[in-house]
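Protein chains: 2
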Amino acid sequence: MIELYELAGADPSIRFSPFCWRARMALAHKGLEARTIPWHFGEKKLPKGTEKVPVLVDGGTVIAGSDAIARHLEAAYPNGPSLFGGDGGEVHGRFITAWANSVLQPGFFPFMVLDIFAQVKPEARAYFRASREKRLGMTLEQAAEGREEKLPSLAAMLSPLRAVLAEAPFVGGEEPSYADYTVFGAFMLVRCVGTIEILAVDDPIHAWREHMLDLFEGLARQAKTVRA
Amino acid sequence: MIELYELAGADPSIRFSPFCWRARMALAHKGLEARTIPWHFGEKKLPKGTEKVPVLVDGGTVIAGSDAIARHLEAAYPNGPSLFGGDGGEVHGRFITAWANSVLQPGFFPFMVLDIFAQVKPEARAYFRASREKRLGMTLEQAAEGREEKLPSLAAMLSPLRAVLAEAPFVGGEEPSYADYTVFGAFMLVRCVGTIEILAVDDPIHAWREHMLDLFEGLARQAKTVRA
Numbered sequence: 085m086i087e088l089y090e091l092a093g094a095d096p097s098i099r100f101s102p103f104c105w106r107a108r109m110a111l112a113h114k115g116l117e118a119r120t121i122p123w124h125f126g127e128k129k130l131p132k133g134t135e136k137v138p139v140l141v142d143g144g145t146v147i148a149g150s151d152a153i154a155r156h157l158e159a160a161y162p163n164g165p166s167l168f169g170g171d172g173g174e175v176h177g178r179f180i181t182a183w184a185n186s187v188l189q190p191g192f193f194p195f196m197v198l199d200i201f202a203q204v205k206p207e208a209r210a211y212f213r214a215s216r217e218k219r220l221g222m223t224l225e226q227a228a229e230g231r232e233e234k235l236p237s238l239a240a241m242l243s244p245l246r247a248v249l250a251e252a253p254f255v256g257g258e259e260p261s262y263a264d265y266t267v268f269g270a271f272m273l274v275r276c277v278g279t280i281e282i283l284a285v286d287d288p289i290h291a292w293r294e295h296m297l298d299l300f301e302g303l304a305r306q307a308k309t310v311r312a
Numbered sequence: 085m086i087e088l089y090e091l092a093g094a095d096p097s098i099r100f101s102p103f104c105w106r107a108r109m110a111l112a113h114k115g116l117e118a119r120t121i122p123w124h125f126g127e128k129k130l131p132k133g134t135e136k137v138p139v140l141v142d143g144g145t146v147i148a149g150s151d152a153i154a155r156h157l158e159a160a161y162p163n164g165p166s167l168f169g170g171d172g173g174e175v176h177g178r179f180i181t182a183w184a185n186s187v188l189q190p191g192f193f194p195f196m197v198l199d200i201f202a203q204v205k206p207e208a209r210a211y212f213r214a215s216r217e218k219r220l221g222m223t224l225e226q227a228a229e230g231r232e233e234k235l236p237s238l239a240a241m242l243s244p245l246r247a248v249l250a251e252a253p254f255v256g257g258e259e260p261s262y263a264d265y266t267v268f269g270a271f272m273l274v275r276c277v278g279t280i281e282i283l284a285v286d287d288p289i290h291a292w293r294e295h296m297l298d299l300f301e302g303l304a305r306q307a308k309t310v311r312a
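In the order they appear, the protein sequences are chains S and U.
So the first sequence is numbered by this note's numbering: it starts at 85 and just counts up by one.
So the second sequence is numbered by this note's numbering: it starts at 85 and just counts up by one.
In short, the hints are calculated from the structure, not lab data.
Accuracy of the hints is not assured; some may be wrong.
[Said to hold, decoys possible] Under the rule of at most 25 Å between Cα atoms (straight-line distance), these lysine-lysine pairs were calculated in the PhoX-like manner:
1. U:K234 - S:K234
2. S:K205 - S:K128
3. U:K114 - U:K308
4. U:K234 - S:K218
5. S:K308 - S:K205
6. S:K136 - S:K218
Please put together the full structure from these sequences, using the hints given.
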């Protein structure tokens with residue numbers, strides 16, 4: 085059985101890491117079952133040689149990091165639907181991953197940071213606060229201040245995604261690809277722990293998110309959230 | 085002989101449109117020669133049915149718009165090197181084009197707007213000013229104000245491009261693709277009419293730009309600029 089180590093909240097059935105959702109969706113894309121193992125900030129019990137989730141254990145192979153996991157699945161399970169749409173798809177998808185990493189997720193972070201903090205286990209809160217405040221250059225509370233008023237800037241940040249989804253159902257075109265999962269991971273963070281709605285219902289991104297939630301018999305839609 | 089209608093400056097040998105550069109580079113990628121025909125804002129003498137440059141005339145076929153031109157070249161000249169790297173490359177490349185259109189070029193625009201304005205033919209300046217000020221919601225001079233101090237925000241905007249180019253020589257991987265040309269077009273605008281340097285020499289994007297200028301026997305490097 086494949087194993088996937090995932091970041092978990094204070095409630096271990098809440099799994100809110102964008103990177104772990106990339107891996108979870110990539111597994112489902114390939115039609116693979118996996119046993120998910122919760123992991124919390126600061127815990128040390130990850131497979132040898134790895135330090136951060138997601139970690140995939142597939143037989144004797146241990147792979148850390150969502151992108152490496154996706155490449156492993158594509159190579160090890162070539163008969164399932166492609167995650168990338170060939171080499172050209174994989175290489176161009178890297179830009180989309182880079183956008184998700186360097187624009188989308190940091191852009192979402194101030195909107196989510198206090199919601200995430202509320203889900204961090206009490207014993208890991210000091211670590212979380214110190215590491216994130218260092219990265220942000222301000223307190224968590226300062227980062228989150230006035231988030232409702234900042235929603236228009238969030239909508240503007242999403243413009244390339246919106247333009248693509250106005251023309252096709254998925255970032256990957258007619259079918260979802262790993263690029264969709266890299267972007268969707270950030271939206272799953274918002275869904276699982278967020279206490280704010282960030283998309284207007286007439287936004288093409290909203291319709292795409294609904295489709296993503298429905299994939300694989302509603303895998304993502306069934307995930308536990310703090311609100312339900 | 086293939087013909088390409090291109091935006092030209094008051095000096096008709098200065099060709100500064102990002103979209104036209106996409107088409108020019110795509111033609112060169114396919115090893116195709118084209119006669120370029122200068123066109124100015126407000127002129128009406130484009131091939132029938134078209135309103136905006138670039139316009140490609142290839143035998144009896146007239147194609148408007150850089151993306152449509154690239155798709156035409158890929159289909160009509162399948163034996164040349166692929167512009168997209170297959171269907172998966174084409175579809176994922178659309179996100180990169182959307183980023184170039186909705187983030188990169190609008191982001192560059194305030195830095196370039198007065199430099200562009202200086203290259204618009206006198207009789208087209210009223211049109212240019214009115215249309216751009218409407219889009220910007222401010223005067224050209226207001227948009228350009230304090231541009232040197234805003235260079236750090238420009239560097240931050242380029243983060244996904246920088247992340248990709250830190251790992252591979254081109255957006256398209258080991259070889260340039262149409263995605264490189266869509267991004268490069270914006271940098272050619274800056275090169276041809278700009279009076280400001282926007283990249284630090286140790287930025288991976290700087291090295292990529294040098295490679296792009298060298299492609300096709302220095303096609304882009306040889307383009308006339310206002311500075312030379």
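These are the hints, each one checked on the structure:
Of the pairs offered as hints, the one joining K234 (chain U) and K234 (chain S) holds, with about 21 Å between alpha carbons and a cut-off of 25 Å not exceeded. Between K205 (chain S) and K128 (chain S), the direct Cα distance comes to roughly 15 Å. Compliance with the 25 Å bound is thereby established for this hinted pair. For a cut-off of 25 Å, the pair hint linking K114 (chain U) to K308 (chain U) stands: about 23 Å separates their Cα positions. The hinted pair formed by K234 (chain U) and K218 (chain S) meets the criterion: a straight-line CA distance of about 24 Å does not exceed 25 Å.
Our distance criterion of 25 Å between C-alpha atoms is met by K308 (chain S) and K205 (chain S), whose separation comes to about 17 Å. Taking the CA atoms of K136 (chain S) and K218 (chain S), the gap is near 19 Å; set against the 25 Å cutoff, the hint holds.
Comparing the model with each numbered hint stated earlier shows that all of them hold.
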